[in-house]
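Could you build all of it, start to finish, from the sequences and the hints given here?
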Amino acid sequence: MDANPGLPAAIAAAATSSFTDFVARTTPDLLPFGRTLPAGDMPATPHGTTIVAATFAGGVLMAGDRRATMGSTIASRRIEKVFAADRFSVLGVAGTAGVAIDIVKLFQVELEHYEKIEDTLLSLDGKANRLGAMIRANLPMALQGLAVVPLFAGYDDAEGTGRLFSYDVTGGRYEELEHHSVGSGSMFARGALKKLWTPGMTEPQALAVATESLIDAADDDSATGGPDLVRQLWPVVYSVTADGARRVDDDELAVVVQAILDRRTAERREA
Amino acid sequence: MTQQFYVSPEQVMKDRADFARKGIARGKSVVVVTCEDGIALVAENLSRSLHKIGEIYDKIGFAAVGKYNEFESLRQAGVRYADVRGYSYDRDDVTARGLASVYAQSLGAVFTAEQKPFEVELAVAEVGATQAGDHIYRLTFDGSIADEHGFLAMGGQADAVQARLLEHWRPGAPLAVALSWAVVALDAPRQAGGLAGALAPEMLEVAVLERDTPARRGTHRAFRRLADDEVAALLATGAGTDTAVGQGGE
Numbered sequence: 001m002d003a004n005p006g007l008p009a010a011i012a013a014a015a016t017s018s019f020t021d022f023v024a025r026t027t028p029d030l031l032p033f034g035r036t037l038p039a040g041d042m043p044a045t046p047h048g049t050t051i052v053a054a055t056f057a058g059g060v061l062m063a064g065d066r067r068a069t070m071g072s073t074i075a076s077r078r079i080e081k082v083f084a085a086d087r088f089s090v091l092g093v094a095g096t097a098g099v100a101i102d103i104v105k106l107f108q109v110e111l112e113h114y115e116k117i118e119d120t121l122l123s124l125d126g127k128a129n130r131l132g133a134m135i136r137a138n139l140p141m142a143l144q145g146l147a148v149v150p151l152f153a154g155y156d157d158a159e160g161t162g163r164l165f166s167y168d169v170t171g172g173r174y175e176e177l178e179h180h181s182v183g184s185g186s187m188f189a190r191g192a193l194k195k196l197w198t199p200g201m202t203e204p205q206a207l208a209v210a211t212e213s214l215i216d217a218a219d220d221d222s223a224t225g226g227p228d229l230v231r232q233l234w235p236v237v238y239s240v241t242a243d244g245a246r247r248v249d250d251d252e253l254a255v256v257v258q259a260i261l262d263r264r265t266a267e268r269r270e271a
Numbered sequence: 001m002t003q004q005f006y007v008s009p010e011q012v013m014k015d016r017a018d019f020a021r022k023g024i025a026r027g028k029s030v031v032v033v034t035c036e037d038g039i040a041l042v043a044e045n046l047s048r049s050l051h052k053i054g055e056i057y058d059k060i061g062f063a064a065v066g067k068y069n070e071f072e073s074l075r076q077a078g079v080r081y082a083d084v085r086g087y088s089y090d091r092d093d094v095t096a097r098g099l100a101s102v103y104a105q106s107l108g109a110v111f112t113a114e115q116k117p118f119e120v121e122l123a124v125a126e127v128g129a130t131q132a133g134d135h136i137y138r139l140t141f142d143g144s145i146a147d148e149h150g151f152l153a154m155g156g157q158a159d160a161v162q163a164r165l166l167e168h169w170r171p172g173a174p175l176a177v178a179l180s181w182a183v184v185a186l187d188a189p190r191q192a193g194g195l196a197g198a199l200a201p202e203m204l205e206v207a208v209l210e211r212d213t214p215a216r217r218g219t220h221r222a223f224r225r226l227a228d229d230e231v232a233a234l235l236a237t238g239a240g241t242d243t244a245v246g247q248g249g250e
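Just so you know, the sequences run in chain order Y and S.
Counting along the first sequence from 1, when you hit position 130 you're at 130 in this note's numbering, and nothing is skipped either side.
Counting along the second sequence from 1, when you hit position 19 you're at 19 in this note's numbering, and nothing is skipped either side.
It should be emphasised that the hints constitute simulated quantities derived from the structure, not laboratory data.
Only a predicted model underlies this, so the values are computations on that prediction, with no experimental measurement involved.
We put the CB at the ideal spot given by N, CA and C, even for glycine.
All clues stand as given, with none of them false.
Each pair of labels, with its calculated beta carbon distance range:
| # | chain 1 | residue 1 | chain 2 | residue 2 | range |
| --- | --- | --- | --- | --- | --- |
| 1 | Y | ASP119 | S | GLU202 | 12 to 20 Å |
| 2 | Y | ASP249 | S | ALA200 | 37 to 45 Å |
| 3 | S | HIS220 | Y | GLY145 | 31 to 39 Å |
| 4 | S | LYS14 | Y | ARG35 | 47 to 55 Å |
| 5 | Y | ARG25 | S | TYR89 | 15 to 23 Å |
| 6 | S | ALA200 | Y | ARG246 | 32 to 40 Å |
| 7 | Y | GLY172 | S | ASP229 | 38 to 46 Å |
| 8 | S | GLN105 | Y | ALA57 | 50 to 58 Å |
| 9 | S | ALA17 | Y | GLU175 | 54 to 62 Å |
Away from chain S, derived, C-beta distances all over 10 Å, residues of chain Y:
| # | residue |
| --- | --- |
| 10 | GLU175 |
| 11 | LEU177 |
| 12 | LEU233 |
| 13 | ALA242 |
In structure tokens:
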């Protein structure tokens, strides 16, 4: 059906299950990447910081702090950097916040679009590869200083476990075991994770470990925000199990954070 | 030189319409019914994978009868239209009305300009905050668009199905009852044709656009397919709750 004026011919004719491919062909301006930037200095833009992820028995959990920085200024105290990608996967993003959030939005539509067109979910590896392709497409922007580095996690139905993928700016995809962290505070968070994480943890244990590693990252990295007791701001945490992805609600997080802070206050130690 | 026979435009349109109608009448029927819990989309369909009912967007569902390849390409085009629109504006800016008018233009253009019209009839349904806010649009092969109130039947012997729905349908019914109306209605042509036995859940394709899913299930996607056992359970409750269903079957 080539003459199809109601639906633009491209929409009717396109036989792809990929939303990104379709948009790239028809309205490339909508994509967050794929544009050549003119020469010049990039002004300061908000940057998102630390994301941690940890597997547990039967799933995986991802947490992100709430701070975005612009140089030495705090650009946002409430930014959310961890998102549900679809029913069985989540992703967190560190790097240039504006581009990162657009890539997340595109990735969410990409997965939902595939599911609607094909009437089946992409495999977890398939999702991880699509995300890698998007990060690779963003490489020209990364070279201009607008880098985005995601962390991707999901429940693998075939294996019955949670799995974890990290990326570099070239779109390289690396499967991580046990736990991982990205962003400016990741060094400190990873150190904490190495000592706190144990195999076969339950979901509540993993939640406490991820939260505590973010507190450690905020302790040493100025760009990572700790829990804000005054404003009642907690990290954004998503947990994925066979039942799907769920956002851990604030009441639950308040209890976890308070327990960690109480213990540390009682111990009166340096860290 | 060969002489072209003159055929009046009226005759051309009539021939095309008859052709499309014949194609559509060969298929089985599909029913869309609004109820208290949302909108039920029910099709008589033996296939588990070649669907007549599909998800378009958050609150928008699609149902079709006729030629599979034609309505499937229209469904996919609808998904692309909705996803691009929702991505470039906002998820709330994708409406069934917008989609239905785009479908109407496509069907109308193909009907007048192409060799052969689409042998399909479509329904686009959007679940609202309340039953009064639900929308069902019927789109026919020539690009006509109709805003249906409460329910819709289309496909082979749609008149018999629609008539049976008209007897039963009233606002405010729970999903189980609405589903049993739909099945009774789909059964009407079979009974008239002397086919024994009611439609079993395995012979049905059922999906529902659930009302208020962000609050109820924590997802923006209202569309959900119902498995056979879930359909069977709902039909069992529905038939027991609504006495009118039993009487209507005579």
